[in-house]
Amino acid sequence: MSSGDDSEQIVAAVEEAYREDRCIAIMGHGSKPNTTATGDAFVCTADHSGILEYRPSELVVSVRAGTPLKELNDELARNGQMIAPDPPIFNQRGTVGGAVASGLSGPGRPWYGSLRDCVLGVEVINGLAQRLNFGGRVIKNVAGFDVSRLYTGSWGTFGVILSASFKLLPMPEVSFTVEEECSDIDAFQKLADHRRERTTLTGTCHFQGRLFRRFAGAESAVRSETDALENCELNDTFSWADVRDHELSFFQDDMPLWRATFDRGEFFENVDDLSSLSEWYGSLAWIKTPTETPPSVRGTNIQVSAFRNAVATKRSVTKYASRLRKAFDPKGIFNPHIVV
Amino acid sequence: MKVRHASSEHSSLRRHQVALNSTCFVLQHVKPIAVPNAVALELLRQELPQSSILIDRNEVEPFETDGLTAIREQPWVVVLAETVAHVRSVLRVCRECEVPLVTRGAGTGLSGGARPNSDGILLVMTKMNKILDVDAANCTATVEPGVTNLAISEAVKEGGLYYAPDPSSQIACSIGGNVAENAGGVHCLKYGLTLHNVIGMKVQTIEGDELVLGGKSYDNASYDYMALFVGSEGMLGVVTEVTVQLLPIPANQQVLLAAFNELERAGECVAGIISAGLVPAGLEMMDKLAIQAAEEYAGVGYPTDAEAILLCELDGCLEEVEQHAASVEDLMRSRGAYDVSIAKEPKDCERLWRGRKAAFPAAGRLAPDYYCMDGTIPRYEIGRVLRSISKMSDRYGLSVANVFHAGDGNLHPLILFDASDKEQMRKAEEFGGEILECCVLAGGTITGEHGVGIEKIDQMCSQFSDVELDQFHRLREAFDQAKLMNPGKAIPTLARCSELGGMHVHRGALPHPELERF
Amino acid sequence: MQVQLSPTLARDDEAKRAKDIIGKCVHCGFCNATCPTYRHFGDELQGPRGRIYLIKGLLERDEFNETASNSLSLCLTCRACETTCPSGVEYGDLVGYARTTLARQEGKTTLTERILLRVLPNFGLFRFLYRLGRMFKFFVPGSLRGSLYRRLPKLQSLPSEGGNVVLMQGCVQRSLTPEVVNHLAHLLTSLGIKFRVCSSEKCCGALHLHLGHREKAQAFMSANISALSLNEGDIVLSTASGCGSTLKEYGREMGSEEATLFSNSVLDVAEFLHQFQFKARYEKRKIVFQSPCTLQHGQKVTGVVEQILHRAGYNLCEVRDDNQCCGSAGSFAILQSETSNALRTKKLDALLEPDPEIIATANVGCQLHLECVSRTPVKHWIELLEVADKT
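Protein chains in written order, with my numbering: chain A, 1 to 340; chain B, 1 to 518; chain C, 1 to 391.
Keep in mind the hints are simulated off the structure, nothing from the lab. If you're wondering where the values come from, they're calculated on a predicted model, not measured in any experiment. Heads up, a few of these hints could be off.
As a list, the in silico SDA-like pairs of lysine to any residue whose alpha-carbon atoms are at most 25 Å apart [stated by the list, open to error]:
| hint | chain 1 | residue 1 | chain 2 | residue 2 |
| --- | --- | --- | --- | --- |
| 1 | B | Lys202 | A | Asp263 |
| 2 | B | Lys422 | C | Ala15 |
| 3 | C | Lys300 | B | Cys349 |
| 4 | A | Lys331 | B | Asp480 |
Quick list of the computed label-pair ranges, beta carbon to beta carbon [claimed, not checked]:
| hint | chain 1 | residue 1 | chain 2 | residue 2 | range |
| --- | --- | --- | --- | --- | --- |
| 5 | A | Gly299 | B | Glu268 | 51 to 57 Å |
| 6 | A | Leu274 | B | Lys483 | 49 to 55 Å |
| 7 | A | Ala77 | B | Ala326 | 22 to 28 Å |
| 8 | B | Glu210 | C | Gly133 | 50 to 56 Å |
| 9 | A | His337 | B | Arg354 | 52 to 58 Å |
| 10 | A | Glu230 | B | Arg354 | 39 to 45 Å |
| 11 | B | Ala85 | A | Ser296 | 34 to 40 Å |
| 12 | A | Val339 | B | Ala326 | 51 to 57 Å |
The beta carbon of each residue, even a glycine, is placed where N, CA and C say it ideally should be.
Extracted from the complex, chain A is given alone in its bound form (with noise of 0.2 Å):
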């Protein structure tokens, strides 16, 4: 595994910016598509990697922000364990401090929590290239305020991350993926009845007419589960990872693509009969559409945004989300570009 403390020469490179009035766009392994930065320089922490810290026994593991997360993930399922929002690694690459930095989890999340949910430290630079830790290594921590988290998708205005440290969870014993025939609106009604009971669901995803459901646990429970199961059948082959990292058949074509989230309780309708995968009890929708015009859509509070070939519309800064950022970044040189 890839080690190496680069942490001198970043923060040697911010205080460099900090001095000059420069610019600068943090990257990893750039993977995440619409971050493309435009700077006076790049800070890249690539080479920043390894992991600092792991106990089995504490469900806890700390690490440099450069290590690819396919490695981190790797380590961690050798020891039986996971980041349970397993978020996502496109192009088979993506590091820790990205992952922190965008904020995204994988198809579990509405079972076991957003990636901030599972952030429990950081070790970051701000703006006036001060080094900074926030959080710690225990999962319960209510000193200061909670920045770890706040930095989880923040997309680098605030600073660089260095180091995270995140609560794990062992994996399940087993995994039975289910799959059936449905209509988009037959499956959400299916979902909606698994909201109000304990199950084993840990993931859903609906496209093409065909609903997959993840059930994941102890062998006993996953199996009494599945068996009750009616009109369905198991599928040894789907990978959830594919459908994390956008390796499913759907992603691979350039159409723009748009990420929307709906309120519990609403999805995506298809009125426009676009193609669409749809994740999180119906509640994420991967959008495609034929121009680079956004899709309609129909419900309360949604949120679409661009994600990968089309342009994101342009977002107005709040009076609070400047301050924030001022408060980190005085002199504003962190992802200029980017507007969160």
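Given chain A's structure and the hints, the job is docking chains B and C onto it.
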């Protein structure tokens, strides 16, 4: 409207207060009772019903302290808010007249976070106690901040749902207070803290903005303001509405009670359970003194001769629970438990928990006063830290009852003392400080779930470096530039830290040259 | 919590005892959670923790304080807080002390209070005025009019057969619901148990104690102790849990040996009857039991009546918030009628949720308070029983 006021009076008073606070907290503050701020009072009277404003000494005195009675200060005015409009009015008055504001829920906090200021307003939220909406189909509930933690679970019980975080004070504490402190409980390992279970809220800022944060969606494209506000100890805004996620009540539940002859054996058993890949819903440890106090109140059948007990709750579907309970029982016996009993009926499980949940106040039976600590440590350090605490206990000559969220490494040593004995009181405080520093050294934190408040503010200086504290202050100013909200709590000023321990070198980081010190 | 006793109270034993009680309180606030008035008002000053703090103020400054006085007059003394308190704070005693102190400090009693204290314990006067009130309802203040719905029953005197069981008849109960004791007499007779009644029985003293008139209360206590002149082994049965709760306090209130013998002889009728087997007297089987505060929190008798009713064959439904007061609380229903009525509404909502055919209770105050607005009959649980056939 801009109101002029005697600002010089205010600032001198605040300096006075800082100086007082930096002395040992057990000293009662001898301060003028109220700063006459006639303009602010007049404005309040214009905007609020008379019955909502308390100003008479006898009326405000019962609000001078929360669950930590060693720290108290009489507020200048108490406002019992009944509506969001009342809250907004209070915020406006505070902003315009520069009056400090402390927000209080049920007043059960254990870190003095809701201790009022004698020149400020105490905004009490307990009258805002309506459940606004239960969306059982989607497992969410929206409530006002004064609703108690337990009331949420009771209101949704019929739909087969409950709200997971269950701090020991859940019978009385309010959800707004839970949000302010990021309250935990006995089920955090599996179900998380308040942060993981609150999905949306409305917050009023002192600038007069209403922020609608989070919501029923699973993620948000904006910054995670929720993460910042949960656990912010009332320093960033006033929460006026909270949306929580609910969970289906587990179909099956079993609680194992194991008795040990040695405290450390119990600690090792905890590590064993987690290493085996099991995630209990709750895993709690109590030592002899705590067992005895809890048993005396609750009479639930704890073995009072044991040196330590472990309570382990497993939940899920029947097959899973049976399978895991058998593994846990084996682990307990192989790691030295001399007796293991299993409760399978909901009533029996509830009974076993009842003793644990009343353990803190029940300690009131052991000694006139107790001082409850809240450090968190990595689990593998349990044995070592408990040994150190026991040595300290001998050195200070004060008994300690240990109650411990073993599943997540959260220690609650209760230092027993008699506050009428000033020497004991001083010792208790010093003892507590030493325990927390021991937790930080072990790689942990000074507070797992009770918050920093005023109580642990000095220990913040040992956990965080000056630059980190400075970052906290800048974050706070993003929402409250005048620093009127809960002043003097949670985040120490750099001046305070440097007064405390001289130059503090933290994790090898250099102290800050560019900051002014005195 | 520490109390710095006012120097003027340094030699006052009562004040010292109050100080010790507060010493046990750790200000955790659990008590507020089950306090009916805190739940109703959401105000610290209307919950036990706030009241304890106000009493702390009384002890520290030794001067009359209107906030404390108002807050304590809104306290039901239901003592749900005592059941909840993990630290063992004897709240009931503390409030008793504070009320006496406040009454002394204030030195005056309101007219309504004076009338109540004069009339309710006086059997003849009460019946006279009640009848008068029913005839001229129009002139009766609104807060009292509601309670005049019952026809005054004819008086029946009970046979006094000797034996070691004494039946307390109570004052209000004897006037308005004599059927309870009459039915109990019938049950005892069927069981072959001899009992006696005491014609010179006085009010138990609860009313006066509740309003801080301790000396008068103690006068009633002495009167009863000498009127009953108990022997070792006697059993005093109380059918009204409110009276029973006070009768059991005689020993502690008076401190004398006689008084201790007296209070040790007192049993709530449930504690006595649960050794016998009964059958249901009514066909209507679906019932709820409203456990009066004086029974569950005051006397700490829980689950006993429930067991008797269940064994008799009733379908006893569970009641939500069953630790909450109905709002009757002695004179509270009259002196604080607005709050009392609000609490009653909540209580009835909870009681009627399972749609019962009868509401059973164990105290005359609760019975009358609930009965005057309930469409479902409210009865003392004794009335629901008949002695089981010997098999």
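Verification of the supplied hints:
1. In summary, the hint linking B:Lys202 to A:Asp263 is supported, as the alpha carbons are separated by about 17 Å, within the 25 Å threshold.
2. A threshold of 25 Å between alpha carbons decides the hint, and for B:Lys422 with C:Ala15 the separation of about 23 Å falls inside it, so the pair holds.
3. Straight-line distance between C-alpha atoms of C:Lys300 and B:Cys349 comes to about 23 Å, which keeps the hinted pair within the 25 Å bound.
4. For the given pair, A:Lys331 sits about 20 Å from B:Asp480 by alpha-carbon distance, which is consistent with the 25 Å threshold.
5. Separation of A:Gly299 from B:Glu268 is about 52 Å and conforms to the stated range, judged on CB atoms against 51 to 57 Å.
6. Here the CB-CB span from A:Leu274 to B:Lys483 is close to 51 Å, well matched to the stated 49 to 55 Å.
7. Look at A:Ala77 against B:Ala326: about 26 Å separates their beta carbons, and that is inside 22 to 28 Å.
8. The supplied range of 50 to 56 Å is met by B:Glu210 and C:Gly133, whose beta-carbon atoms lie about 55 Å from each other.
9. Separation of A:His337 from B:Arg354 is about 57 Å and conforms to the stated range, judged on CB atoms against 52 to 58 Å.
10. Taking the beta carbon of each, A:Glu230 and B:Arg354 are about 43 Å apart, inside 39 to 45 Å as hinted.
11. Distance hint check for B:Ala85 and A:Ser296: the Cβ-Cβ separation is about 38 Å, which falls inside the suggested range of 34 to 40 Å.
12. Taking the beta carbon of each, A:Val339 and B:Ala326 are about 54 Å apart, inside 51 to 57 Å as hinted.
Violated hints are absent here; each numbered hint is respected by the structure.
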